Each structure stands twice: as structure tokens, then as C-alpha cells.
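Going line by line, the protein sequences match chains S and L.
Under the numbering used here, think of the first position of the first sequence as 1, with each following residue one higher.
Under the numbering used here, think of the first position of the second sequence as 1, with each following residue one higher.
It is worth saying that the hints were derived from the structure and are not from the lab.
The model shown is predicted, which means the values in this text are computed figures rather than measured ones.
Watch out, some of these pointers could steer you wrong.
To be verified - One side of the interface only, derived from the structure: several residues of chain L facing chain S at Cβ under 7 angstroms:
1. Arg-165
2. Leu-186
3. Ala-209
4. Pro-211
5. Tyr-215
Said to hold, decoys possible - Below, a list of computed lysine-lysine pairs in the BS3-like style, where the Cα atoms sit at most 27 angstroms apart:
6. S:Lys-130 to L:Lys-74
7. S:Lys-130 to L:Lys-99
8. S:Lys-180 to S:Lys-161
Glycine included, each C-beta is placed from N, C-alpha and C at the ideal position.
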Amino acid sequence: MKRKTQISHFLIHALFIIICLYAVVPMLSIVNVALKTHEDFLKHPTALTIAPVFANFVTAWNTANMGNSFINSVILAIFAPLGVCVLSTMAAFPICRRHFWGADFIYTLFVMSLFLPTTASLIPKIMLFKTFHLMNHLYGLIISGWAGIALPVLIMNGFLKSIPCDLDEAAVLDGCGYLKYIFRVIFPLARPAMVTVLIISILGTWNDFLGPYIYLTEPSKRPLSTGLYMFVGTYSTDYTVMCAGVIIATTPIVLAYVFLQRYIISGLVHGAVKG
Amino acid sequence: MASHIACDAMSLKSIKGGGRMHASTGKGLFSRWQILVAVAPGLTLFAIFLIYPSLANIFYSFTNYKPFSMYPTKWVWFQNYIDLFAQSRNLELLLLALKNTVIISLLVSVIQNIMAALFAVLLNNSIKLRNFYRAVIFLPVTLGAVIQGLVWTLAFDPYNGTYARILSALGIHSTYFGDSNIALYLVIMIIMWANVGFAMTIYLAGLQAIPMELYESGRIDGASGWQALRLITLPLLRASVTVNVLLCIIGSINMLDIIIVTTNGGPGFATYNLPFLVLTFIMNQGSTQGHATQGFAAAVSIVQFLFTLAVVLIVQKFLRGREVEI
Numbered sequence: 001m002k003r004k005t006q007i008s009h010f011l012i013h014a015l016f017i018i019i020c021l022y023a024v025v026p027m028l029s030i031v032n033v034a035l036k037t038h039e040d041f042l043k044h045p046t047a048l049t050i051a052p053v054f055a056n057f058v059t060a061w062n063t064a065n066m067g068n069s070f071i072n073s074v075i076l077a078i079f080a081p082l083g084v085c086v087l088s089t090m091a092a093f094p095i096c097r098r099h100f101w102g103a104d105f106i107y108t109l110f111v112m113s114l115f116l117p118t119t120a121s122l123i124p125k126i127m128l129f130k131t132f133h134l135m136n137h138l139y140g141l142i143i144s145g146w147a148g149i150a151l152p153v154l155i156m157n158g159f160l161k162s163i164p165c166d167l168d169e170a171a172v173l174d175g176c177g178y179l180k181y182i183f184r185v186i187f188p189l190a191r192p193a194m195v196t197v198l199i200i201s202i203l204g205t206w207n208d209f210l211g212p213y214i215y216l217t218e219p220s221k222r223p224l225s226t227g228l229y230m231f232v233g234t235y236s237t238d239y240t241v242m243c244a245g246v247i248i249a250t251t252p253i254v255l256a257y258v259f260l261q262r263y264i265i266s267g268l269v270h271g272a273v274k275g
Numbered sequence: 001m002a003s004h005i006a007c008d009a010m011s012l013k014s015i016k017g018g019g020r021m022h023a024s025t026g027k028g029l030f031s032r033w034q035i036l037v038a039v040a041p042g043l044t045l046f047a048i049f050l051i052y053p054s055l056a057n058i059f060y061s062f063t064n065y066k067p068f069s070m071y072p073t074k075w076v077w078f079q080n081y082i083d084l085f086a087q088s089r090n091l092e093l094l095l096l097a098l099k100n101t102v103i104i105s106l107l108v109s110v111i112q113n114i115m116a117a118l119f120a121v122l123l124n125n126s127i128k129l130r131n132f133y134r135a136v137i138f139l140p141v142t143l144g145a146v147i148q149g150l151v152w153t154l155a156f157d158p159y160n161g162t163y164a165r166i167l168s169a170l171g172i173h174s175t176y177f178g179d180s181n182i183a184l185y186l187v188i189m190i191i192m193w194a195n196v197g198f199a200m201t202i203y204l205a206g207l208q209a210i211p212m213e214l215y216e217s218g219r220i221d222g223a224s225g226w227q228a229l230r231l232i233t234l235p236l237l238r239a240s241v242t243v244n245v246l247l248c249i250i251g252s253i254n255m256l257d258i259i260i261v262t263t264n265g266g267p268g269f270a271t272y273n274l275p276f277l278v279l280t281f282i283m284n285q286g287s288t289q290g291h292a293t294q295g296f297a298a299a300v301s302i303v304q305f306l307f308t309l310a311v312v313l314i315v316q317k318f319l320r321g322r323e324v325e326i
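The task is simple: from the sequences and hints, build the whole structure.
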């Protein structure tokens, strides 16, 4: 019996080692190439790099103007998620408590909007960006990002239900105004759900490709995602430099994932299942 | 200002008089304008950037709208839809895109879910390193479409890519993303690689919700490990299957960013799917397709939306009927 479990454990480990290799080897192979000099790459393109060289990273950082796109990405990934977090919590509380007429309808609308494909609202949205002069401005994408409160509201709604209504009543009797109540009482209480919303939103904004691809076409306004895409598309002569560029853009996410793994996984999955 | 005071007076009255009546919801306890102030900013932005564009898109699909053109926009009723289905060139493109969309969503939903469920069941056992395996399998989910796509296009670069080199050393030669026979399947592989960890985690959450007593009573009744899996685990996992399959279908029918990054629809039309077709009509209006107005592109996107909706409703009905309550 014991022998049997040992064999099955061995098989399971073998399977998962293969799966894990499938998951990370494409990335590692690119790291391997990015660390080679051009000559070394031409001679031994697939061999393991013994003496790593970091010149490719410098070249990629400079030619792709990555410092600039990095700053753009950071600006987008700070302001859009913060706005989403505040706006969705403010909206979720009245919706959750049915404090205004039509709250049920709004809730249904939020749920339905999750099924809408991006392409179904693209044309009027482009026109909207053009008429309000939001095209090629970071704040345009940030403001339109604030509109993405559907999923956050559903997540917050699920959480706010667990805050007892007696608390609302107590606050009123103590003479606490509605907005003050939301900011002073609900915000601190709802912190776990807000962390989930923030994580989903930050990852979504950082990784967003279509938004910048369509609304931020000017090179100086590109965040990392489209900047990298354009860099690899146009700079297709030096393969090692392209690999280095991809690695530079991947590093921040992988680092964040290594340190915040538990929050990121539970945040993403929790969000999707609630939706 | 006056209304503000009036509102405050009203809420005061409700506290004194019928306060307890509303105790369960708290409605009427707070001043109404403050409630509106709390909801308004989010809802306004939502209405401007989501509701309005979606409704306007339906409206556009019945017009020959062409932005910044000198021709006035006319209401053309169903002309765009007739053009789409009656003109052989458009219909050909639409059917091609539809075929690719169906292949992508079918293969991804089936294979990805089987893999994810298998991984989850195995990793739910107490084996060593299971948290490490989970973390590594989940890693690609966090990377975002550009990196997900570029990592594989670089690895399969026909001249320089490590994977392509190794395969050519083994005697397999191909241009990979440039080969119209396999480009679509490579894209499907990337989509699965990028999402399997996500589906696995949903299955793991579903597995952990199954009470241990069921397995214990199963063991007392003499059920083998395989029987426990078939008779207890799989039936009780069906709610997770529904969630996963629906997410998978919605995601893969509307898959756009990975396709742009890896193949950009090519080679030829080999990886055109419905959203990509809509995007080409939006971007190349009037250049390749002689008459393609924004109205026409809008009509195609409405067709895509209706297709998604129909598939989701059918699959949901089918799967929900098979769920088992604990």
C-alpha cells in the first residue's frame, strides 16, 4: 500500500514538473537569450548562457524609451485604481442598502454590463474620446477607467452585506451624515474588499493593452504594454535586445507576484467568481 | 440650500416618528441629497463610458455613420445587416471569423477545463510542493496579453526563437505564427497557457467547499479513491464547472488582445475571429472594404454580441440543469 502511494506521488510530481516547465520555460528561454551578446547569440543561440551580459537591457531601455512608458504605466496604475476603489465603494453602499429608488435596476445593469464585449461599445467610445479631446491624454484613459466600477461594485456589495444595518442606525442617531458615515465608518470596515478591488484594478490597468492601443497612439504617451508591443514590432532586427525589452517589462509584475502572491490569486479569483 | 434644509428636516422627522419602521434598511434615515452625491459620480461615469456607447452602437448599426465625412449620416434601417449577410465577400469573412471563433472557444473551453480540473484534483491532495506548483501554474495569468503573446512569439521566432531552433534540430521546420495551418492552434495554446492557472484556482476553491464528512462516510461504505472521485468530487464540482466554462466561453469568444499581439489576424485571414473582424472594420473603414462605414462595423459588433449572448444562454441552461446542491 505504501509503495503504491509512493509511486503515485512520484507520477504526480513528474507531471507537475512538466507542467511547470511548460509554464515558465518560454520566459526562461528569453531570459537566457537576453543575457547573451550578439556574437555569442549568433554562435550558440540556444546554449545556456555562462557569462551573462547586461548590455542588451541598457540598449532596450534606451531605444524603447522605456523610462517614459514606465512612468506612464505607473501614473495609469495609480490613479485609475484609486478612483475605481473610492467611486465603487461610494456607489456600492447605497446600492447594497437599497437607499435610492432603482437600486435593484442599477445592480442588474452592472451584472449585465460584464457580459458586454469591448467591441460592442468601441465606436461611440472612440467618438466620445475625440469630441471631449481625451485622445492621447493619460487622464482620458484614467477617467474612462473610473467608469469600470461594475465588477468592483458587485464585489463591494457582497462584502457590505456583512456589515450590520444596526450600525447605520446607530450612526444616524449619533448625528453622522451619510457621506461622513461612508468615509469614516464604511471605508475602514470594507478594507479587505477594497484591497481585492485595488489588486484587480491595478493588475487590469497595468496589463491593459486595448485601451492604450486605441486611445494612446502617440509614442510619448504609451504605457509599457503598448510601448513594448510597438518596440518589438518595429525593432525586429536585434533579437537579443527585443528579448531584454520583454524581460524588463515582465520583471515588475513577477516581483509583485512573488511578494503579494496570496492576495493577487485570491483577489483575481474572488473577483471573477463574484462577477 | 432650502431643499437641503427641508431634506434634513424630513430625515429628522423620520427618526422621531417612523424611524424604527426603516430600521432594517436605513432608508429615510439619511438625507436624500447626500445619498445621491454618493452614487452620482460613479453612475455618471458608468453611464457616459459604458451605457451610452453600448446604446449608441445599436443606433449606429442602423445608420451609414462615417465620422468626419462630408456626407450627412442617414438612417438606413437594416441595410448594414443586409450588406453583411448578402454580399458574398462580407459573408465569407464573417463565416471565416465565426469558424475561427468557434474553434477557439470550443477547444479552449474543453481542454483548459479538463486540464484545470485535473490539476486541481491532484493538487488538493497533501503532496509536497503543492503551493509551489499552484503558484507557478498561476504565474502566466498575471502577465497580461502583451507579455503573454510576446514571450511565445519570441520563443517561436522562425529564425532566432529557442523553441523553433530546438524543433528544427529535431527535424521539424515551420514558420509557426507565419504558418496559416498552425497559427490558430498556437494562439489557442497561448490562451490556455495564460488562463489554466486561473481556472485551476476556481476548481480548488470548489474542491475545498466539499465537506470532508462525505469522503469519510464514503470510505466507511468502502468506496475506493476512484469511486470517491467519480461519485462525490465530480458531481459536487459542477457549480465550479459552470463558472469556469462560462468565463472561458465569454473570454475566448471576445479574445482580441492576444490575437493582435501574436498574429494580428494573419497570416492572411487565418486567425481572424469575430472581435478582430470588428476591429478591422473600425480601423480600416473605407480602405480595404469599399463601403465599410462605422455603421457597418457597429452592425458586425452587434452580430458578435448576439452570438455571444446566444451561446452563453444555451450553455448556462445546459450546465445549470446538471448542478448538484450539497
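Outcome of the hint check:
Among the interface hints, the one on Arg-165 of chain L holds; its C-beta lies about 5 angstroms from the nearest C-beta in chain S, closer than the 7 angstroms criterion. Among the interface hints, the one on Leu-186 of chain L is violated; its C-beta lies about 12 angstroms from the nearest C-beta in chain S, farther than the 7 angstroms criterion. The restraint placing Ala-209 of chain L at the interface with chain S is violated, with a minimum CB-CB distance near 11 angstroms, outside the 7 angstroms limit. This hint is violated: Pro-211 of chain L has a C-beta 19 angstroms from the nearest C-beta of chain S, more than the 7 angstroms allowed.
Nearest Cβ of chain S to the Cβ of Tyr-215 of chain L: about 16 angstroms, over the 7 angstroms cut. The hint is violated. Taking the CA atoms of Lys-130 of chain S and Lys-74 of chain L, the gap is near 21 angstroms; set against the 27 angstroms cutoff, the hint holds. At most 27 angstroms may separate the alpha-carbon atoms for a hinted pair to count; Lys-130 of chain S and Lys-99 of chain L exceed this at roughly 34 angstroms. For the suggested pair Lys-180 of chain S and Lys-161 of chain S, the alpha carbons sit about 19 angstroms apart, so the restraint of at most 27 angstroms is met.
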